[in-house]
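Engineer: Heads up: the protein sequence lines correspond to chains A and B, in order. Residues 1 to 248 (the working numbering) are what the first sequence spells out, left to right. Residues 1001 to 1307 (the working numbering) are what the second sequence spells out, left to right.
Please note: incorrect hints may appear among the correct ones.
List of simulated lysine-lysine pairs, BS3-like, C-alpha gap at most 30 Å [what the hints assert, rightly or not]:
1. A:Lys153 <-> A:Lys194
2. A:Lys211 <-> B:Lys1188
3. B:Lys1295 <-> B:Lys1188
4. A:Lys194 <-> A:Lys211
5. A:Lys211 <-> A:Lys153
6. B:Lys1295 <-> A:Lys153
It is worth saying that the hints were derived from the structure and are not from the lab.
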Amino acid sequence: MSVILSTHNLTKRFGALLATDDVSLDLRAGECHALIGPNGAGKTTFVNQLSGLLASDSGRIEFLGEDITTQSAAERGQAGLGRTFQITSIIPSMTLFENVALAAQARCGSSFRFFRRAVHDSEVNAIAAEALARIGLTGRDDRPAANLSHGEKRALELAMAIAGRPRALLLDEPMAGIGNDESDQLTDALLMLKRDYPLLLIEHDMDAVFKVADRISVLVYGRIIASGTPEEIRANAEARAAYLGEDA
Amino acid sequence: MRASVAAILIFALCAAIPVGAEVWGGSYLTGLVMRAMILAIAALSLDLLIGTSGLVSFGHAAFLGIGAYTAGIAITEGVTDLATILAVAVGLSALFALITGAISLRTHGVTFIMITLAFGQMLFFTFQALSDYGGDDGLTLWEQADAYGLFRLEHGLFYLILVTLVGLWLLLGRLREARFGRVLLAAKVNATRMETLGYNVFRYRLVAYVIAGVIAGIAGVLNANEAEFVSPAISAWQRSGDLIIVVILGGMGRRTGPVIGALAFVGLEEVLSSITHDWRLIFGPLLIVIVLFAKGGLASIVEGRRA
């Protein structure tokens, strides 16, 4: 299987704190690679480095065979590296549908269009409607995004991520703050997404992780201490001690 | 719907002013409305930055100055063709916006306000230093630009300003609803998300900054022809402040807000200054009341809550 996204000895330092410590990891076509670890392990820092919100101190990031280490977040997004946020990051002042349309618009022709009304942009609307349907949100939803329930906002994040027709997805705790029944639904959504996009999944919900992931890496204090199939991780003493022991 | 009706009524009312003024025998009102319409054009352009993009520029009067001085200097030097003057003013405004925007837009919040203010003041002092063109005292124009006989028609300039205002109002309204406007509006709320979706927010804002600058430059050209006088005061920071007040008074991010704000501003200035020389003593508290009680500005009263 071909490698879509990879890091090579990636490092990030905040003062004396080594937040990302020599991390080399890859994401292959068709797989879900989960990154787990206790709070403060540096998972979100790592995702921010991947998506370009944080500059790396050393090491290299490759995406689709290209070195993207020095590219801006916008360039990486434009190249097809999509992501979601642990803390919901949407446009609350716009409607649910507009949020998704905006994401679709980013990778569907130029947005330097000044006259034609975006509401009538049928190509963008079609992509947005499809993305919504796939996540299980219905059709043309004109509620302001600010008024959605937490679960709906989490689903909206996912819909926005796939409306950009990404080549790979970084999901930063998509289940954060979700109740039990909703988490089942989201797990199904993740299983479905996996069929179309390579997923780098950060998640605390171990049921979901073991159900969806093909490979799991365990991050502790910015360092990968174990990496392997779900079975291997389950059997790995170090990984259990660091994380699974307390949570699964 | 209600918003469009309100806008059409306002523009129709403006159009009727010169005719009505003849009946009442006062060309004074015509001049007043002309000034308000020019202010409205400048405020519309500033609202593209403040209301649509969330960029509070405190140096927008600089572009009024560029337009006005382009017209003033050209006419003084004998170049009176309006199309030429407009083309030069648009070019210079765009250039100034591109350079200052490329620098200012790397900053945010208060820093952005201060840096735009600084650029504005830079231009103000430049105009003051133009001793060949009136320096501090300003420059009186002995003729208007030549608009192919249009200005020789009675109220020719008035209707040129009105048509420009309505045209730009239409264009900027559409821009807000187009892909470009959507990106600006979303980036105002959550720029980080827009970046990760693949939008180079800086680039969109820079283009908005240039568009806004060019429109204000056009307003400056019109201003010079209306007043037949140009002085550095047109680009002073107080003028930039007035423009922000007009936008807030009318309603930020509302299509007709700047137009309503400009009419109200000029009207209030006129009425209040006839009561007292220190009219801003009354105007200030009034502005506070409007900001406190009509959150969307005067436009929210005229148009209803959501526009």
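Engineer: If a hint holds in the structure, say so; if it doesn't, say that too.
Structural biologist: Against the structure, the hints:
1. Between Lys153 of chain A and Lys194 of chain A, the direct Cα distance comes to roughly 20 Å. Compliance with the 30 Å bound is thereby established for this hinted pair.
2. The suggested pairing of Lys211 of chain A with Lys1188 of chain B is violated, with an alpha-carbon distance near 39 Å, which exceeds 30 Å.
3. A hinted pair counts as satisfied when its Cα atoms are at most 30 Å apart, and Lys1295 of chain B with Lys1188 of chain B qualifies at roughly 18 Å.
4. With a C-alpha separation of about 12 Å, the suggested pair Lys194 of chain A and Lys211 of chain A falls inside the 30 Å cut-off, and the hint holds.
5. Between Lys211 of chain A and Lys153 of chain A the CA atoms are separated by roughly 23 Å; this keeps the pair inside 30 Å, and the hint holds.
6. In summary, the hint linking Lys1295 of chain B to Lys153 of chain A is supported, as the alpha carbons are separated by about 27 Å, within the 30 Å threshold.
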